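Asker: The chain contents come next:
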Amino acid sequence: MPTSMLMPSLSPTMEEGVLAKWLVKEGDFIKPGMMLCSVETDKTTVDYESMDEGFLRKIVVPGGSPAKVNQLIAVLTEDKNEDITQYLEKALKKDQEQLAAKSGPKAAPAPSPAPAAASNGSGPARAAYTPGPAPRAAVAVAPEPVPASGGRVLASPLARRMAEDAGIPLTGLAGSGPNGRIIRADVENYKPPAAAPAKGAKTEGPVQRPLYGSLAPIAPTQDLPLNMMRKTIGKRLLESTQSMPVFYATMKVDMGAINGLRAQLNRAPGYKVSVNDIVVKATAFALREFPQVNSSYMGDFIRQNANIDICVAVSIDGGLITPIVRDADLKGLGLISTEIKGLVAKAKAGKLAPDEYQGGTFTVSNLGMYGVDEFTAIINPPQAAILAVGGIQPEVYLDNGVAKQRDVMKMTLSSDHRIIDGALAAQFLSGLKSLLENPVWLML
Amino acid sequence: MDSSYDIVVIGSGPGGYVAAIKGAQAGKKVAIVEKADLGGICLNWGCIPTKALLKSAEVAYYLKHASEYGLSAKDVSVDYPKVMARSRDVAKQNSNGVQFLMKKNKIDVITGTAKLVAKGLIEVSDAQGGRKNLQAGSVIVATGASPRMFPQYPIDGTNFITYRHALDLKDQPKKLLVIGAGAIGVEFAYYFNTLGTEVHLVEMLPQLLPIEDEEISKTLLASFKKQGINCYVGAKVNEVKLSKPGVIEAKLADSAGKEVALTVDRVLVAVGMVPNTKDLGLEQVGVKLDERGFIKVDAFQETSVKGIFAIGDCAGKQLLAHKASAEGEVAVAKILGQAKHGLDYGQIPGCTYCQPQVASVGLTEKACKEKGLAVKIGRFPFSASGKARAIGHTEGMVKLIFGAKYGELLGAHIIGSEATEMLAELGLAMKLESTYEEIMHSVHAHPTLSEAVMEAAMDSQGKSVHI
Numbered sequence: 001m002p003t004s005m006l007m008p009s010l011s012p013t014m015e016e017g018v019l020a021k022w023l024v025k026e027g028d029f030i031k032p033g034m035m036l037c038s039v040e041t042d043k044t045t046v047d048y049e050s051m052d053e054g055f056l057r058k059i060v061v062p063g064g065s066p067a068k069v070n071q072l073i074a075v076l077t078e079d080k081n082e083d084i085t086q087y088l089e090k091a092l093k094k095d096q097e098q099l100a101a102k103s104g105p106k107a108a109p110a111p112s113p114a115p116a117a118a119s120n121g122s123g124p125a126r127a128a129y130t131p132g133p134a135p136r137a138a139v140a141v142a143p144e145p146v147p148a149s150g151g152r153v154l155a156s157p158l159a160r161r162m163a164e165d166a167g168i169p170l171t172g173l174a175g176s177g178p179n180g181r182i183i184r185a186d187v188e189n190y191k192p193p194a195a196a197p198a199k200g201a202k203t204e205g206p207v208q209r210p211l212y213g214s215l216a217p218i219a220p221t222q223d224l225p226l227n228m229m230r231k232t233i234g235k236r237l238l239e240s241t242q243s244m245p246v247f248y249a250t251m252k253v254d255m256g257a258i259n260g261l262r263a264q265l266n267r268a269p270g271y272k273v274s275v276n277d278i279v280v281k282a283t284a285f286a287l288r289e290f291p292q293v294n295s296s297y298m299g300d301f302i303r304q305n306a307n308i309d310i311c312v313a314v315s316i317d318g319g320l321i322t323p324i325v326r327d328a329d330l331k332g333l334g335l336i337s338t339e340i341k342g343l344v345a346k347a348k349a350g351k352l353a354p355d356e357y358q359g360g361t362f363t364v365s366n367l368g369m370y371g372v373d374e375f376t377a378i379i380n381p382p383q384a385a386i387l388a389v390g391g392i393q394p395e396v397y398l399d400n401g402v403a404k405q406r407d408v409m410k411m412t413l414s415s416d417h418r419i420i421d422g423a424l425a426a427q428f429l430s431g432l433k434s435l436l437e438n439p440v441w442l443m444l
Numbered sequence: 001m002d003s004s005y006d007i008v009v010i011g012s013g014p015g016g017y018v019a020a021i022k023g024a025q026a027g028k029k030v031a032i033v034e035k036a037d038l039g040g041i042c043l044n045w046g047c048i049p050t051k052a053l054l055k056s057a058e059v060a061y062y063l064k065h066a067s068e069y070g071l072s073a074k075d076v077s078v079d080y081p082k083v084m085a086r087s088r089d090v091a092k093q094n095s096n097g098v099q100f101l102m103k104k105n106k107i108d109v110i111t112g113t114a115k116l117v118a119k120g121l122i123e124v125s126d127a128q129g130g131r132k133n134l135q136a137g138s139v140i141v142a143t144g145a146s147p148r149m150f151p152q153y154p155i156d157g158t159n160f161i162t163y164r165h166a167l168d169l170k171d172q173p174k175k176l177l178v179i180g181a182g183a184i185g186v187e188f189a190y191y192f193n194t195l196g197t198e199v200h201l202v203e204m205l206p207q208l209l210p211i212e213d214e215e216i217s218k219t220l221l222a223s224f225k226k227q228g229i230n231c232y233v234g235a236k237v238n239e240v241k242l243s244k245p246g247v248i249e250a251k252l253a254d255s256a257g258k259e260v261a262l263t264v265d266r267v268l269v270a271v272g273m274v275p276n277t278k279d280l281g282l283e284q285v286g287v288k289l290d291e292r293g294f295i296k297v298d299a300f301q302e303t304s305v306k307g308i309f310a311i312g313d314c315a316g317k318q319l320l321a322h323k324a325s326a327e328g329e330v331a332v333a334k335i336l337g338q339a340k341h342g343l344d345y346g347q348i349p350g351c352t353y354c355q356p357q358v359a360s361v362g363l364t365e366k367a368c369k370e371k372g373l374a375v376k377i378g379r380f381p382f383s384a385s386g387k388a389r390a391i392g393h394t395e396g397m398v399k400l401i402f403g404a405k406y407g408e409l410l411g412a413h414i415i416g417s418e419a420t421e422m423l424a425e426l427g428l429a430m431k432l433e434s435t436y437e438e439i440m441h442s443v444h445a446h447p448t449l450s451e452a453v454m455e456a457a458m459d460s461q462g463k464s465v466h467i
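Protein chains in written order, with our numbering: chain A, 1 to 444; chain B, 1 to 467.
These aren't lab readings, by the way, just hints derived from the structure by calculation.
This one's a predicted model, so the numbers in the text were calculated from it and none came from an experiment.
Yeah, the Cβ is synthetic: ideal placement off N, Cα and C, and Gly gets one too.
Careful, some of the hints might be misleading.
Computed spacing ranges between beta-carbons, pair by pair [claimed, not checked]:
(1) B:Lys106 x A:Asp47: 39 to 45 Å
(2) A:Ala174 x B:Gln461: 38 to 44 Å
(3) B:Ala222 x A:Asp355: 46 to 52 Å
(4) B:Arg148 x A:Asp355: 37 to 43 Å
Subject to a maximum C-alpha distance of 20 Å in a straight line, what follows is the list of computed DMTMM-like cross-link-like pairs (lysine to aspartate or glutamate) [said to hold, decoys possible]:
(5) B:Lys226 x B:Glu421
(6) B:Lys405 x A:Glu164
(7) A:Lys346 x A:Asp165
(8) A:Lys348 x A:Glu89
(9) B:Lys92 x B:Asp75
(10) A:Lys252 x A:Asp223
(11) A:Lys252 x A:Asp373
(12) B:Lys376 x A:Asp165
(13) A:Lys433 x A:Asp355
(14) B:Lys226 x B:Glu58
(15) A:Lys348 x A:Asp329
(16) B:Lys371 x B:Asp344
(17) B:Lys340 x A:Glu188
(18) B:Lys405 x A:Asp79
(19) A:Lys191 x A:Asp223
(20) B:Lys225 x B:Glu239
(21) B:Lys334 x B:Glu291
(22) A:Lys252 x A:Glu239
(23) B:Lys405 x A:Glu40
(24) B:Lys371 x A:Glu437
(25) B:Lys431 x A:Glu188
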């Protein structure tokens with residue numbers, strides 16, 4: 001009776017690996033515990049040990065070739081000379097069918113639910129959108145998101161619960177238990193990022209004290225400690241700027257229609273929709289049209305994400321965080337607006353749950369409210385792009401030779417050139433511009 | 001023999017000998033000074049020999065109750081000297097085991113009484129009047145504790161005795177008064193009662209095992225009464241008088257203030273311990289003691305004098321062998337410069353080996369209340385356990401206390417057969433900061449008494465299967 005030997009899954013996130021080298025050859029007798037082959041994953045190279053016994057009759061995936069997890073890589077038999085032709089044919093056919101099923105709808109930007117393999121990260125397969133909060137997996141069993149440095153976050157069950165309750169990201173905690181395990185005391189001793197000097201200016205308006213010509217003593221040079229958030233921001237953004245070729249493209253949007261729309265929308269009782277809410281909605285719409293922009297660079301392949309999960313950059317004390325509007329393309333403007341308000345409030349209170357800020361497929365950063373005309377933002381890997389939105393400014397323009405005034409907003413797309421080329425960025429921006437200038441399309 | 005060491009340990013009880021081994025394993029040159037037998041009180045006159053006696057009592061219980069198991073045992077009698085001899089033999093074997101461990105780890109065993117002369121200098125005088133000086137980079141004091149003496153109970157070793165004498169009695173008392181219902185008093189009360197002595201157990205505080213959870217102690221009190229032990233809690237000993245050798249008149253006032261007059265032939269005094277910190281030269285070298293004579297130490301067991309450490313009973317807190325060993329490890333880690341954490345004294349288990357056994361770790365229900373903690377409590381009685389019924393021990397329960405908000409294990413209390421063995425998983429759960437979820441979702445083998453632990457965790461959420 002032949003048995004199949006399948007490509008092992010060597011880490012929870014592994015989907016595919018390279019069968020680097022066979023350590024045995026066809027005809028060899030395999031015993032449990034014998035080293036069969038070395039397998040390269042996205043993280044490391046591991047020697048794969050046999051759990052079966054038998055004669056290695058056929059190597060299906062030769063050394064140096066990639067294989068999906070659970071793909072047939074070899075066939076074993078109990079009997080040295082048993083005929084394996086039929087078995088092999090059947091097994092190969094099954095593999096082909098499975099592969100086809102997985103990769104089929106992946107490329108199509110259809111709004112229908114895509115299979116799990118094509119969905120973003122380890123999340124469940126995308127389902128039709130249902131209002132209300134998404135069910136959250138029990139904390140005790142939910143796999144922690146992998147921190148930037150790789151590996152699992154070691155934390156006691158109690159520490160996990162306390163951190164979740166307090167909205168403290170486990171990845172921002174330093175563990176004092178064995179092997180850096182995060183324990184209760186670490187969560188209790190967690191100090192929220194210290195108030196940044198900008199706080200006063202932000203909450204109390206312009207600084208009142210005289211800046212120049214004052215005899216007030218000048219604060220001495222200070223060495224401020226880096227909190228975990230600053231360290232993480234520094235590390236991730238440096239990584240981003242050093243690891244990808246980025247180019248920037250800016251486009252100007254006539255905001256007349258949006259201003260009109262907002263005026264109408266905000267007459268609806270209970271709603272106060274911001275420009276940013278509309279930008280998020282329109283961006284999600286545009287991403288649906290340009291799925292290449294909603295992608296992640298995964299090293300040796302590009303993942304085109306099925307979900308459109310938009311991160312919204314929020315400035316908080318001591319740093320910034322990017323909570324996520326999940327499935328923003330499927331949500332109405334009212335819901336997006338309410339969700340963003342909720343997320344911002346939670347972010348400022350330091351109460352975001354990890355699944356509310358980890359993941360995301362595209363980011364919108366808006367500095368318009370600070371009077372910024374335009375700026376460029378740094379991409380949050382593995383996302384492929386980020387949209388930097390400036391403020392609305394009046395400008396004079398010529399309409400058939402007549403000088404007129406209008407409100408405009410500038411938006412700048414930072415793109416990872418490994419995924420997005422200049423023309424694509426331009427098409428995306430111009431699609432987004434059309435949506436913003438004709439916001440009634442968002443009702444479609 | 002070169003008399004200069006990296007570490008000199010004074011006292012070879014479970015604190016001292018473990019510290020010595022840990023030091024030697026790390027490559028340090030270690031000596032241990034012992035004035036009596038290796039292993040200290042624990043191995044020779046405490047933990048181990050009492051467990052041997054209690055096993056004899058349990059076997060006697062089974063023989064007396066053989067018919068309940070469908071067996072008959074006739075003419076069962078207690079051969080008291082042989083019960084004692086077995087206990088002494090067990091102690092001896094254990095002491096020899098420590099001797100072997102010292103040799104294996106190349107630790108010099110120095111017999112005699114140690115005295116600190118200066119910070120790094122110890123003088124050891126042996127019984128023959130010989131003296132020698134040991135130089136030590138670090139000193140670990142692990143001298144233990146002794147029974148507290150009261151003038152009204154003149155300990156003479158025959159009429160008024162302590163646990164130490166009880167472990168070496170030539171004859172079995174007929175009527176025994178046990179003063180103090182801590183672990184020692186309770187264990188001896190159970191032991192003598194089971195072997196046929198008429199036992200009167202008196203405790204000043206309102207419950208047996210005053211440090212245990214009230215509900216657990218109440219269960220024990222009910223069981224002891226059923227076993228025929230005369231228990232007086234919240235009671236006072238007004239008078240004890242030796243009228244003639246072997247005849248002691250005692251007058252107690254019970255919890256209601258009513259006088260109880262007893263005539264017994266032996267009084268076992270088990271009311272607290274005092275540290276062995278005198279005549280060690282501690283004060284002379286500047287080691288500070290607290291008002292009760294215990295050595296003051298920091299979180300890493302270091303005394304007020306750098307390089308001198310104290311562990312175990314002489315350093316206060318819980319007077320328990322396993323706490324001493326754990327402190328020994330902390331002290332050695334500190335000496336090696338590897339210490340990260342001191343001991344968490346809220347996670348030291350405590351066990352009492354009467355039947356039903358009592359075992360606990362963490363906070364009692366009352367302590368939680370006093371700390372103002374909101375809790376969820378789960379209980380599971382052994383009367384609902386199939387295994388408990390099969391072995392004929394349906395007394396007792398598992399009681400688990402969890403924080404209401406996060407579900408962390410705050411306290412675990414078990415009374416019943418094998419309670420002391422069942423406690424271990426709860427100590428681990430607490431150390432790992434587990435919540436009720438991990439405990440109730442750990443599949444427990446069936447049939448075991450330990451299933452009650454899982455059920456109690458479920459019960460804390462109102463989800464017990466078998467009650």
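Asker: Hints first: check each against the structure and report whether it holds.
Answerer: So, going through the hints one by one against the coordinates:
1. B:Lys106 x A:Asp47: 39 to 45 Å: Holds, since lysine 106 of chain B and aspartate 47 of chain A (Cβ atoms, about 40 Å apart) stay within the stated range.
2. A:Ala174 x B:Gln461: 38 to 44 Å: violated, 32 Å
3. B:Ala222 x A:Asp355: 46 to 52 Å: holds, 51 Å
4. B:Arg148 x A:Asp355: 37 to 43 Å: Given a distance of about 58 Å, which is not inside 37 to 43 Å, the answer is violated.
5. B:Lys226 x B:Glu421: violated, 24 Å
6. B:Lys405 x A:Glu164: This hinted pair holds, its Cα atoms lying about 12 Å apart.
7. A:Lys346 x A:Asp165: With a Cα-Cα distance of about 12 Å, the restraint between lysine 346 of chain A and aspartate 165 of chain A holds, given a limit of 20 Å.
8. A:Lys348 x A:Glu89: violated, 59 Å
9. B:Lys92 x B:Asp75: Measuring from Cα to Cα gives roughly 31 Å; hence the hint is violated.
10. A:Lys252 x A:Asp223: violated, 41 Å
11. A:Lys252 x A:Asp373: Given pair lysine 252 of chain A, aspartate 373 of chain A holds - Cα atoms ~11 Å apart, limit 20 Å.
12. B:Lys376 x A:Asp165: At roughly 18 Å apart (the allowed maximum being 20 Å), aspartate 165 of chain A and lysine 376 of chain B satisfy the hint.
13. A:Lys433 x A:Asp355: violated, 31 Å
14. B:Lys226 x B:Glu58: holds, 16 Å
15. A:Lys348 x A:Asp329: violated, 25 Å
16. B:Lys371 x B:Asp344: holds, 17 Å
17. B:Lys340 x A:Glu188: Holds, at roughly 18 Å.
18. B:Lys405 x A:Asp79: violated, 61 Å
19. A:Lys191 x A:Asp223: Satisfied, since the Cα-Cα distance of roughly 18 Å is no more than 20 Å.
20. B:Lys225 x B:Glu239: The given pair, whose Cα atoms are some 24 Å apart, is violated under the 20 Å limit.
21. B:Lys334 x B:Glu291: With a Cα-Cα distance of about 26 Å, the restraint between lysine 334 of chain B and glutamate 291 of chain B is violated, given a limit of 20 Å.
22. A:Lys252 x A:Glu239: Violated, at about 30 Å.
23. B:Lys405 x A:Glu40: violated, 44 Å
24. B:Lys371 x A:Glu437: violated, 62 Å
25. B:Lys431 x A:Glu188: holds, 16 Å
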